[in-house]
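Quick mapping for you: the protein sequence lines, in order, are chains A and B. No gaps in the numbering here: position 235 of the first sequence is 234 in numbering that gives the first Met the number 0, and each next residue is one more. No gaps in the numbering here: position 74 of the second sequence is 73 in numbering that gives the first Met the number 0, and each next residue is one more.
Possibly wrong hints are sitting among the right ones.
You can't tell identical chains apart in this list, so a pair holds if it fits in one copy or across any two.
When the alpha-carbon atoms are kept at most 25 Å apart in a straight line, the in silico BS3-like pairs for lysine-lysine are as follows [stated by the list, open to error]:
| hint | residue 1 | residue 2 |
| --- | --- | --- |
| 1 | Lys231 | Lys98 |
| 2 | Lys353 | Lys291 |
| 3 | Lys243 | Lys226 |
| 4 | Lys34 | Lys119 |
Hints are computed from structural coordinates only; laboratory data are not their basis.
2 protein chains.
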Amino acid sequence: MEIYPVIMAGGSGTRFWPASRYNLPKQFLDIIGSKTMIEQTVERVSPVCREENVIIVGNEAHHVLLKKISEKTGCVILEEPFGRNTAPCIGLAAVYLRKKGVVYEPMAVLPADHFITDEKRFRNILSIGGGLARKGSIVTIGIVPTRPETGYGYLLKGAVKDTMEGIEIYKIERFAEKPDKEDALRYVKSGDYFWNSGMFIFTPETILKEIQLHLPGVHEGLLEIEKCLGEKNERDVLRSAYQKFPSVSIDYGVMEKTDRPMIALPVDFGWSDVGSWESLYGLRKKELDGNKNLIHGKGILFDTGSCFVFNQAEQMVVGVGLEDLVIVNTDDAILVADMKKSQDIKKIIEEMEKRGLNSIL
Amino acid sequence: MEIYPVIMAGGSGTRFWPASRYNLPKQFLDIIGSKTMIEQTVERVSPVCREENVIIVGNEAHHVLLKKISEKTGCVILEEPFGRNTAPCIGLAAVYLRKKGVVYEPMAVLPADHFITDEKRFRNILSIGGGLARKGSIVTIGIVPTRPETGYGYLLKGAVKDTMEGIEIYKIERFAEKPDKEDALRYVKSGDYFWNSGMFIFTPETILKEIQLHLPGVHEGLLEIEKCLGEKNERDVLRSAYQKFPSVSIDYGVMEKTDRPMIALPVDFGWSDVGSWESLYGLRKKELDGNKNLIHGKGILFDTGSCFVFNQAEQMVVGVGLEDLVIVNTDDAILVADMKKSQDIKKIIEEMEKRGLNSIL
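Put together the whole structure using the sequences plus the hints.
Structure representation (structure tokens):
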């Protein structure tokens, strides 16, 4: 069995502003470790597949950055003319694979900006999931929730279908969208739910059939794209197809509607979607000093605890008497924020956009 | 009566780091208003004297900065080869004036880094003090204390000697050095003390006689300097004299020892020595926004209160969810500090010096 990882790298997150920008989303940053998150995602799967099997789907606005990563990693790059959420992105990878003759082999759809601690276990899950996907199932990687997170979707699990290599395989009863606080608490307390990690495994055959069934318009566009992949008019056809695509997630467009056997592989391999400065600080806890401070780049802290300095510029950052702050320094903007409010940065960005500060966004 | 203001501008304070540096002390900064504190001091006295009467005594390490100020203001600049505290500084100005023929006219010694709200009242005090000084008194400007400050010296007042233009004139019983917290509380509670503002009025005749009496070594050096002021060897003689001078304040070297009539003019004209970021923030309260924030330079604050952003560089400073912080941005260093701890910056500088960070100090 060969696995075809599809790394979704088209996101335009702003939650790591000012380190991330509209033109430089977090997947292109080395915020966790010495390589970009895309490269880390590639390295995570590389022991179970050949590099040329790895497809990175990005946004053509990031062409230069994507090209650099392709040169470094040897992966295939597919560029979307604009982001249309995950369904068109996954469909594009599926038709690319089918045109290459990969139809009944599993593709593993992986967001480019996740962090995983136990990579061995993760690859083990990919192999098990790949085997199930070849039989026509849609496999979702479910994460055992550790807190009532309202930022993730949830999976309601059904009966245990099987046990493989010590891992229970569940039927999925329902995809639940991001809940409010109350529902999230209930979900976690019940023990009946997993977090939807956004990682899926299925074959091109399976997912294209499902897209045809539930998103026929998208399917039609994908067929047009498939015809001209590798041809001179590829870019034009992509652009005109994408212009017609709705912006729709695979969860909403397919997963919530399909009758196909859906399976969850529940895991706990130290997963995070690295959604804020606070969560990044939490993930890098091994690097904390005796006062729980983390300094990335040039910085000195006095009489300070639980602070995260992320300094990309040349200035020295000096903190005195601080607690629970994140300080981010870049060439054109400096953020000083209450660590707990680092989730609000999205709103802050919107506000700055309104005030015409686009040059630093 | 002509008044000869002597502005002492040789200090090397570090309390406004990183805006101030060893080579750029606060008196050369426009931290309060649009001009440097030296220029503001000159403007404060200019309605009561001609510009060429104003003497600025600085450190030759700041030659370029001093020259610029001299060109802008038309004041005389005297450069000390190194700082030896206030007694040699005042002595130098006194022999300069005597050589110019000013012997029995009052010189008003004024630190270059003070902030005064009621400038009219201040000038009124200078005139009254000047009159008293011409009769041979040493006049000290005493400030009615508003808190038990341990960073200032105090004056113990004696009997009321006179009342002029509604201002009581006190005999000074004693100069008290910077007290500990307990003594400071006692001083303020008693109502018997003023703050010693470090502003004095006397004639060159008076102060040189006192220096001769109590600091004969300094007096000897001053005589040598007097001889060669304006001559080719001025700089060499200054250097060799200053090398022999002890580092001694006029308070300790003369004021605490003299038998001459000493007088305090007690005032309350909104005075501050602008000793820390916190006190600067307090002085600029008219500029506060509705959340008690003060932004100097480029900055935006969200969900933030009682913060002071002092931004000298081009980056945008963005604060989120902050309280009681001072954020100072310069081309090579950024300070983020608890406002209440901004007094500790001196210690922080010493610590950074130990760590070999001199390039940013």
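Tested hints:
Taking CA atoms no more than 25 Å apart as the test, Lys231 paired with Lys98 passes inside one copy only; the shortest distance there is 16 Å, against 91 Å between copies. When the C-alpha separation of Lys353 and Lys291 is checked against a cutoff of 25 Å, the pair qualifies only between copies, where the shortest distance is 23 Å, while the shortest distance within a copy is 36 Å. Taking the closest pair of Cα atoms, Lys243 and Lys226 come within 25 Å of each other only inside a single copy of the chain (17 Å); across copies the shortest separation is 92 Å, beyond that limit. For the identical chains of this complex, Lys34 and Lys119 are intra-copy neighbours only, at 19 Å inside a copy versus 64 Å across copies, given an alpha-carbon limit of 25 Å.
Violated hints are absent here; each numbered hint is respected by the structure.
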